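**Q** In the order they appear, the protein sequences are chains A and B. The numbering of the first sequence is the working numbering, which starts it at 1 and goes up by one. The numbering of the second sequence is the working numbering, which starts it at 1 and goes up by one.
Treat the hints with care, as some may be off.
[To be verified] In the BS3-like style, the derived pairs of lysine-lysine whose C-alpha atoms are separated by at most 27 Å in a straight line are: (1) B:K206 x A:K217; (2) B:K89 x B:K160; (3) B:K184 x B:K206; (4) B:K160 x B:K136; (5) B:K184 x B:K89; (6) B:K136 x B:K89; (7) B:K160 x A:K215; (8) B:K206 x A:K215.
[Said to hold, decoys possible] To be clear about the criterion: a stretch of chain A counts as covered by chain B if any three or more of its residues have a C-beta under 8 Å from a C-beta of chain B, and this derived list gives those stretches: (9) 38-44; (10) 167-176.
Derived by calculation from the structure, the hints in this document are not laboratory data. Fair warning: this is a prediction, and the values are worked out from it, not measured in the lab. Cβ coordinates follow ideal geometry from the N, Cα and C atoms, glycine included.
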Amino acid sequence: MAAAPPLLELRDVEASYGPFRSLFGVSFSIAENGVTALLGGNGSGKTTVVRICSGLLHPIGGQIFFHGEEVTQERAFRLARLGVVHAPEGRSVFSTLTVEENLALTFRQCFGRLGSRHALGKAYEMFPRLGDRRRQQAGTLSGGEQRMLSLARVLVREPDLLITDELSLGLAPLIIDEVYATLATLHAAGTALLVVEQHVHQALTLADHVVVMGKGKVQLSGRTEELGDISERILPAIHGERPSGNGSRPA
Amino acid sequence: MSAPSAAATDPAVGRAPILQARGISKRFAGITALNQVDMDVAPGEVVGLIGPNGAGKTTFFNCLLGMLRPEEGVVTFDGRDVTGLPVYKRARLGIGRTFQRLELFSGMTVREHFLVTERARRGTGRLWKDLLNLSKPTADEQALAEQMVELTGLQREADKTVESLSLGRGRLVELGRALMTQPKLLLLDEPSSGLDVRETAGLADKLAAVQAEREFAVLLVEHDVEMVSSLVTRLYVLDFGELIASGATAAVLGDEEVRRAYLGDM
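Produce the complete structure using the sequences and hints provided.
**A** Below, the structure written as structure tokens:
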């Protein structure tokens with residue numbers, strides 16, 4: 001019997017922003033229910049990769065497969081319907097709507113009127129601070145609270161693949177722990193994760209695979225346990241240094 | 001660790017504080033964002049302000065800067081009551097700041113950022129000439145801007161527009177621009193946000209070196225506990241707009257209530 005295809009696969013993906021090439025032959029895959037940490041310094045191409053994965057940016061070369069079907073030029077809303085959810089970097093909230101209106105807008109579309117109430121309960125359980133602020137306009141929340149609100153809109157769902165970009169940005173340490181605990185719960189329920197994170201140690205607590213980007217290319221990839229101690233290969237690859245030892249798998 | 005009000009008895013604040021906030025309260029549409037918050041910062045002291053998201057840290061910053069007017073309380077800077085002063089007057093007295101999200105002038109180079117700040121600091125009334133591009137920077141202004149380029153280590157990027165810089169280098173431009181105002185007190189709002197571990201360490205080293213050389217006071221808001229621990233000698237902790245702890249850094253970070261409200265099981 002043929003092995004099941006990976007959940008998501010990128011083959012020799014190339015991307016550009018106008019005349020500026022940003023990705024060069026990027027290949028890696030995420031298994032069903034796998035957790036991949038996508039690491040690298042600022043400007044290494046991580047955010048471009050995740051925008052490609054969720055259809056927000058289309059590659060100029062290479063192919064993308066989801067559940068074995070080619071989705072290279074598929075639009076973002078189609079990929080969302082197929083089960084790809086993207087929590088982008090930053091604060092994507094509707095500033096003139098209240099916290100509850102922001103959440104209800106997403107939840108009603110995903111879960112219908114009845115399911116929406118349950119989803120709201122889950123969101124407030126996940127981020128009690130949002131429950132305290134439910135009648136407050138999103139634009140008047142603090143930076144960190146706006147980040148929580150944008151995360152709550154995606155973390156309550158249980159997609160096939162959840163892509164998170166700089167999840168911990170602007171969040172207090174306690175909240176970061178809680179958000180990662182939520183990711184672990186989602187993973188246990190069957191969701192695969194692609195986690196982009198500056199806090200490398202945090203990402204590695206969950207990841208079974210690591211992909212390190214640098215200058216728009218995959219510099220290192222492999223199973224987390226095969227890459228050994230973080231300072232041995234992963235951190236040098238992130239910092240653009242030659243990894244010590246061998247066994248790393250440059251793409 | 002001391003109770004919130006104990007800051008004034010801390011040896012570091014034995015001198016007359018450069019910044020003194022007393023009883024600062026701020027409400028937004030019935031929500032109390034700050035409730036009777038006190039703070040002292042001594043000249044040349046590096047103090048941290050931490051707390052959960054939504055605790056009121058940025059609101060407190062904005063009250064100190066004059067971007068928000070508190071309903072109650074008094075802000076004293078360098079011995080003068082500045083509670084009613086607008087932002088630009090406080091800046092001229094020596095309060096500088098950086099922002100949580102980069103707030104740079106797009107289209108301008110790194111060097112131009114420093115030159116413009118120097119002109120604004122001098123306030124020599126050449127606005128119309130500058131707008132019409134009729135006045136060139138003096139040799140003195142250029143020298144000061146060049147000094148700042150070197151101090152921040154931005155020589156390679158000095159003539160690049162800020163859009164082409166990485167976030168980490170952009171943060172250094174913000175720091176340099178704030179330093180061009182020759183602040184007696186520098187307020188830093190989450191300077192490591194979005195930086196990787198190495199960039200954060202580089203920024204902390206640069207800040208520590210410049211602060212040691214110029215001896216301005218710093219009030220740092222930051223979630224990166226490692227950076228906070230490496231830079232500050234005293235900490236204040238806000239939660240739901242209330243000061244819940246203050247004192248020496250190690251003692252505050254080890255405090256049970258602070259761990260429960262903010263740090264978790266770090």
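**Q** Work down the list of hints and note, for each, if the structure agrees.
**A** Evaluated hints:
1. B:K206 x A:K217: Violated - the C-alpha atoms of A:K217 and B:K206 are around 30 Å apart, more than 27 Å.
2. B:K89 x B:K160: Answer violated: B:K89 to B:K160 is near 31 Å, above 27 Å.
3. B:K184 x B:K206: Within the cut-off at roughly 18 Å; holds.
4. B:K160 x B:K136: holds (19 Å)
5. B:K184 x B:K89: holds (14 Å)
6. B:K136 x B:K89: It holds: about 26 Å lies between the C-alpha atoms, which stays within 27 Å.
7. B:K160 x A:K215: holds (20 Å)
8. B:K206 x A:K215: holds (25 Å)
9. 38-44: holds (count 3)
10. 167-176: Holds: 7 residues of the stretch 167-176 of chain A have a Cβ under 8 Å from chain B.
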